[in-house]
Amino acid sequence: MHGMAKDVTRKGTWQTSLGRKVIMGLTGILLIGYLIIHLTANLLVFAGDGGRLLNLYSHSLHQLGPLLFVARIALAALFIFHIITGIRVVIQNRKARSTRYTMAASKGGPSKMTPASRWMAITGLILLFFVPWHVNMFTLGPYYETVIDGVPMRDLYRLVVERFKDPAIAFTYAAVMLFLCMHLAHGFWSALQSLGALNRRWLPVAYTVGVILAILVAGGFFILPLYTYFFVPMPA
Amino acid sequence: MSQVVLDAKIPKGPIEDKWSNHKASVKLVNPANKRKYTIIVVGTGLAGASAAASLAELGYNVLNFCIQDSPRRAHSVAAQGGINAAKNYQNDGDSVFRLFHDTIKGGDYRAREANVYRLAELSLNIIDQAVAQGVPFAREYGGMLANRSFGGAQVSRTFYARGQTGQQLLLGAYSALMRQVAAGRVKLYARREMLDLVVIDGRARGIICRNLITGEIEAYAGDAVCLATGGYSTVYYLSTNAVNSNGTAAWRCFKKGAFFANPCFTQIHPTCLPETGSGQSKLTLMSESLRNDGRVWVPKKKGDTRPPHEIPEDERDYFLERRYPAFGNLVPRDIASRAAKAICDEGYGVGPTGRAVYLDFAEAINRLGIDVIRERYGNLFDMYREITGEDPYKTPMRIYPAPHYTMGGLWVDYNLMTTIPGLYALGEANFSDHGANRLGASALMQGLADGYFIIPVTIGDFLADHRPDGLSTDHPAFAQAIKDVEDQIKRLLSIKGKKTVREFHWELGRIMWDYVGMARNAQGLTKAISDIRALREEFWKNVKVVGENEDYNKSLEFAGRVADYLELGELMAMDALDREESCGGHFREEYQTPDGEALRRDDLFCHVSVWEHKGDIKDSVRHKEPLEFEYVKPTQRSYK
Amino acid sequence: MKFRLKIWRQAGPDQPGRFEEYTVDNISPDMSFLEMLDELNEELVRQDKDPIAFDSDCREGICGACGLMINGMAHGPKLGCTTCELRMREFPDGSLITVEPFRADAFPVIKDLVVDRSALDRIIAAGGYISVNTGSAPDANAIPIPKEIAEEAMDAAACIGCGACVAACPNASAALFTGAKISQLALLPQGHPERERRVISMVNQMDIEGFGNCSNHGECEAACPKGISIVNIARMRREYIRAVRTGGQVRASV
Ligand SMILES: Cc1cc2nc3c(=O)[nH]c(=O)nc-3n(C[C@H](O)[C@H](O)[C@H](O)COP(=O)(O)OP(=O)(O)OC[C@H]3O[C@@H](n4cnc5c(N)ncnc54)[C@H](O)[C@@H]3O)c2cc1C
Ligand code: HEM
Ligand code: FES
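Chains as they are written, first to last, in our numbering: chain B, 1 to 236; chain L, 1 to 640; chain A, 1 to 254.
Derived by calculation from the structure, the hints in this document are not laboratory data. Glycine included, every Cβ here is placed at the ideal spot set by N, Cα and C. Where hints are given, some of them may not hold.
Below, a list of computed lysine-lysine pairs in the DSSO-like style, where the Cα atoms sit at most 30 Å apart [to be verified]:
hint	chain 1	residue 1	chain 2	residue 2
1	A	Lys6	L	Lys394
2	A	Lys2	L	Lys498
3	L	Lys394	L	Lys483
If you want a taste of the chain A side facing chain B, the calculated C-beta under 8 Å gives, among others [said to hold, decoys possible]:
hint	residue
4	Ala104
5	Ala106
6	Ala142
7	Pro144
8	Phe211
9	Glu219
Per label pair, the in silico range of CB-to-CB distance [as the list claims (entries may be wrong)]:
hint	chain 1	residue 1	chain 2	residue 2	range
10	B	Asn199	L	Thr635	55 to 61 Å
11	L	Asp201	A	Glu21	53 to 59 Å
12	B	Thr208	A	Gly227	44 to 50 Å
13	A	Gly227	L	Thr214	53 to 59 Å
Could you put together the complete structure from these sequences and hints?
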């Protein structure tokens, strides 16, 4: 049996079960914020302008120079912080019940438990493998050049279309987005709840908004490769 | 027949000054010396938890024991209705004197005036203390505390926290207790059952417990012992009490020399869910407030098995309204209970067992609308539906009285000390404040007054005269007590008879209920005494206790408790036989007014019956503590 | 009614456990789940077998002593109900019912279906109180508390400490239990002086006991016999964030 803890420190840290959830919530929400911006930009593929706007956007980002570098490092740090904390959380959770139930079922009612909430670690892990693949494919991919309005710049559009014309890539990408959808469906409201932002009134609202947001964001990323594969012509 | 003079140690002076005078004159223990004293507190209910916490706050070293796995589960947690206090926040004329008066009258003039006055006085501090602890009592929109009215009072003085007042008060006391546990001043021993008291040189010096997980028999020594182990209603087997409630601790103290007062004073609560058949483990209380709008009836025809809605109005007997036209369905608990039992005894009872009466809301629903009824009693109706599967909005509830509270208990003086020096009894375990009938919402008040405010003062008076002597459990008296306890356990385990403990308990409950229940008579009580003796004899020959001591063993736990009840039951019957009058919950059929009301005999029985153990139960000796009423003059109750 | 029961038997904390099958017959639909087990135990005693160990006391849903995993659900399938209040009519006649103890590493099994929940007491001891010595309280009406606040505090205070929230949580987290107490005391003005120390100390204790994190599944609220809401967990987190930001020091009231 456990003895009465004598060593309870009276100082709080972010490395308690509650503190870690604050970290998860904060990093998660910021990552969602990034995803929304990222998606908005990617939707430029649908502009039907042969990639003009997309390339201009990408080019303007690159003009930021060192700022972009800092932003990327920050994003990577967020991502890594989120992952490391997530892994620690999951390890602690598994340790908290080393003997599993033979039979477990939800009572329903007010429960918010869904496959999405149960699979956060798995969907997260899928994203963990997906993100480097994705970065490697686009950010670090071949450098095609194009000239828009007399300015030479990277032809990202061409790269995107080219890759998404490969059915393996397009369909894998789309499939991963289904998992993203799950991660976000629980993640959004959960992050707000983890940050203590919800009360009786806002909790149900946040839950619904989260599900809608997940469908919109992941839906956008889901349609993108498929649309490209089926409908976007290969640029000359 | 009694030579022993029982000195209640009531302080001199006018009643309103007694407690303050007493506080001002008791001896004190030097603050620096307090930690050298060890006080054993058995029980973590309202009385025990509040005592343990308050004594530890003063600096004493406290050992606190309970049967449950956590102190928060003590039976006080189940109290629903509320707690009285003479705050007069409603400006309706309440005062300490009025609460004192109501409690003495409600107890049918069988309680000690000085104690009850002090209780009424302390009621004020209890509410303050509880609120400061964070007890979320019900409030008005203005932010002030809300009150409701309760039986036996014409003022609104009951404080409540929804239907969970006992729980919230207990959690308050428990949180204070856990604070002291964290501070190291209270050592908590959960899942322990006290099985004996250790008396050395005539003074209570320790207890023997069984560890309910390992079976180990443990000894603990101290400078004083406070018993706050609750009441013994489970002697009836079926009662509103928790299944682990028991009389064992008090009973074993009785056998070690503590006198037992008024064992026959028990309260049967009128509005409980009836028995449903065999296998039932307890009876659930439904708040008394239901009688405000419900009408009690039975069919006029014996053994009428028609469903209630098919029985026309003129074939129904609203027997309370018929017999008590002035108070109708709102007669006091004892009267309502007795009337229901009588009508069922005559064969008019309803339901599958024939031991229930209807509590019908149809008329109130018609008059007030279903929404009003839902607002007033919604949670109770839901609870009823949960348990019975019937909808009380459509079909009348079936209710029946059930044993609920025991006013009797260990005799204590004004300081709450029993006849064994250094042994105190608190809360429902003592007999002190409720006389022959307890008013609703006053048990919580008493338990907390005893624990928070009385014992911390009075125990110092005793300890100041008894220096700590570093007694350890190596003293031979502990070895002897351990051996006695172990011997009894071995004996129980070795009988290996045919009948289970529960069967014995059930049979005892039947005898108690039939003959020592709501209505008693000499013939029945004599029969009960011989039946209990026979059952006890059979128990010790034929009980079947499985398993071993060194284990979590409910069968063994209950065997010990039932063994004690088989003795306590007999003493209850003896006391009831001895008290040839009717008062409060004690109704002797031979002593009633021509119209069937309780007939008190103040000339002969205006006393506390105090029993002393003398070997066999039948040899127990009854002493008397005469009761004097200076401030509230006894009158006859009438509710016609 | 008749039932087949698959019940977890385990002789002691360090012994291996296993399921055993029993059949009970002649069960009244009005019986509570525990009364049904009482019947089975009577039968086992008659056959000189070790009865099934389980905890219970009040048998009316308020003490929190009882608690079993019934068909994979804490306190069985019915919402807002303790095991002792659960009636056999909730189960189809003749069905198979699986019964396991509440499982969490912080709740070691003592025997069969009995577990040690003293970790919850230690969380309370770490700070689930208001430090007020007996006798030092001001008049009860000295501090008015708006009815809504008092009601909200009461909602949180209704916790019976049964541990169903921990049992039902996929992570065996005690966030609802701890959050309910912290909420109650944070809502009431009496609890404010110690709020920072309280939340930090209780959360630390929760971790020391080995409970998991809260992933916001909300299973706890569904399992809670008193329907205590997870908004109390959010409130605990607010309290925690505030306390960490002030370094656990009492923030000067403005
Ligand atoms: C259903 C119900 C509703 C009620 N409603 C109200 C109400 O609304 N208002 C009111 O004023 N009163 C009410 N009462 C009465 C009141 O609740 C009790 O009288 C009171 O709470 C008793 O408190 P206590 O501290 O004396 O004992 P309990 O709360 O019974 O505590 C007994 C303690 O002693 C321990 N114990 C017992 N035996 C042993 C042993 N042998 N060894 C070690 N420990 C032992 C137990 O573990 C427990 O901790 C109600 C009672 C019931 C049953
Ligand atoms: C696009 C990338 C990602 C986004 C936008 C994102 C977003 C979120 C959000 C908002 C939450 C909710 C936080 C909370 O409940 O407090 C969350 C939780 C979680 N995330 Fe991510 N995440 C991403 C990637 C990842 C990755 C790569 C992992 C890797 C393992 C991961 C693992 C987790 C886990 C385990 C949780 C649940 C923690 C818990 O149990 O409470 N996530 N995520
Ligand atoms: S036994 Fe008390 S809550 Fe179930």
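Now for the hints, and whether the structure bears them out:
1. The hinted pair formed by lysine 6(A) and lysine 394(L) fails the criterion: a straight-line CA distance of about 38 Å is larger than 30 Å.
2. Between lysine 2(A) and lysine 498(L) the alpha-carbon distance is near 26 Å, which keeps this suggested pair within the 30 Å criterion.
3. This hinted pair does not check out: lysine 394(L) and lysine 483(L) have alpha carbons roughly 59 Å apart, beyond 30 Å.
4. Checking alanine 104(A) against chain B: minimum C-beta separation of about 5 Å stays under 8 Å; hint holds.
5. At a threshold of 8 Å, the smallest CB-CB gap from alanine 106(A) to chain B is about 7 Å, leaving the interface hint in force.
6. Here the hint on alanine 142(A) is broken, as its CB sits about 28 Å from the closest CB of chain B, past 8 Å.
7. Hint on proline 144(A) is violated. Least Cβ distance to chain B is approximately 23 Å, over the 8 Å limit.
8. Interface restraint check: phenylalanine 211(A) against chain B, minimum CB-CB distance 6 Å, threshold 8 Å, status holds.
9. Annotation: glutamate 219(A) was flagged as interfacial toward chain B, and the flag holds, the nearest CB pair being 5 Å apart, inside 8 Å.
10. Separated by about 57 Å at the C-beta atoms, asparagine 199(B) and threonine 635(L) satisfy the suggested range of 55 to 61 Å.
11. About 58 Å separates the C-beta atoms of aspartate 201(L) and glutamate 21(A), a value consistent with the hinted range of 53 to 59 Å.
12. For the pair threonine 208(B) and glycine 227(A), the supplied restraint of 44 to 50 Å is violated, since their beta-carbon distance comes to about 21 Å.
13. In this structure the hint that glycine 227(A) and threonine 214(L) lie 53 to 59 Å apart at CB is violated, the actual value being about 37 Å.
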